[in-house]
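Novice: Sequence:
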Amino acid sequence: MTDDAHRPDHWPDPAPGDEPDAGLMLEILAGTPLDLDGLRRELAKRSVFTDTDQLRLALQWRPEVEEFADGVWAHVPTLAEDVVLTHRLTAAEIEIGVLAADGDLELWAQLADEGVPFAGGGELRARWPGQAGPLLAGVLEGLSGPDG
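Taken in order, the sequence shown gives residues 435 to 582; the numbers are from this note's numbering.
These are calculated hints, taken from the structure and not from any lab test. Be careful, since some hints might not be right.
[What the hints assert, rightly or not] Dumping the calculated EDC-like pairs for lysine to aspartate or glutamate here, alpha-carbon to alpha-carbon at most 20 Å:
1. 479 - 504
2. 479 - 455
3. 479 - 469
[Unchecked claim] Pairwise CB distance ranges, derived in the manner of DEER restraints:
4. 455 - 526: 24 to 34 Å
5. 458 - 525: 45 to 55 Å
6. 531 - 483: 40 to 50 Å
7. 485 - 563: 26 to 36 Å
8. 471 - 571: 20 to 30 Å
9. 554 - 475: 23 to 33 Å
10. 456 - 529: 19 to 29 Å
11. 487 - 522: 21 to 31 Å
12. 526 - 465: 35 to 45 Å
13. 521 - 557: 14 to 24 Å
Please read all numbers here as calculations on a predicted model, not as lab measurements. Note that beta-carbon positions come from the ideal geometry of N, C-alpha and C, so glycine has one too.
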């Protein structure tokens, strides 16, 4: 998530009717990370037939999946399950009310791309350069929540 190619506004729209069964794709990837050929084979076992180009396009639009450097796609919420991370809060983050999400919080920024509701109200949202609101200088992603 450190370059523009990963931003949804840089991805082409899938053609209507071209997207494979999204729920089934997510279910399979939640069970095990796979490359596109492996995912295509698993879908075919369940009578969903598609090609790798259609799969890539369908997956790129889903904030809950991520492609890693080795070409393997994974379901991010499954990877994050039972994970506890710590983040050293800086004075600059406190001042602007936004956490720098590069590095240690990048996984959570991936999950918060579309907003994640808090049980007590409000939501956690990823913030990108160029969006309304502050972001620390030199930071490519931030996390913001409700005031307070």
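Novice: Taking the hints in turn, state whether each one holds.
Specialist: Here is what the structure says about each hint:
1. 479 - 504: violated, 24 Å
2. 479 - 455: Holds - the C-alpha atoms of residue 455 and residue 479 are around 13 Å apart, at most 20 Å.
3. 479 - 469: holds, 16 Å
4. 455 - 526: 24 to 34 Å: violated, 44 Å
5. 458 - 525: 45 to 55 Å: holds, 47 Å
6. 531 - 483: 40 to 50 Å: With Cβ atoms ~48 Å apart, the hint holds.
7. 485 - 563: 26 to 36 Å: holds, 35 Å
8. 471 - 571: 20 to 30 Å: Distance hint for residue 471, residue 571 is violated at roughly 42 Å.
9. 554 - 475: 23 to 33 Å: violated, 43 Å
10. 456 - 529: 19 to 29 Å: violated, 40 Å
11. 487 - 522: 21 to 31 Å: Taking Cβ atoms as reference, residue 487 and residue 522 lie about 42 Å apart, which means the hint is violated.
12. 526 - 465: 35 to 45 Å: Holds, since residue 526 and residue 465 (Cβ atoms, about 41 Å apart) stay within the stated range.
13. 521 - 557: 14 to 24 Å: Holds, since residue 521 and residue 557 (Cβ atoms, about 18 Å apart) stay within the stated range.
In the structure shown, a violation is registered for the earlier hints numbered 1, 4, 8, 9, 10 and 11, in ascending order.
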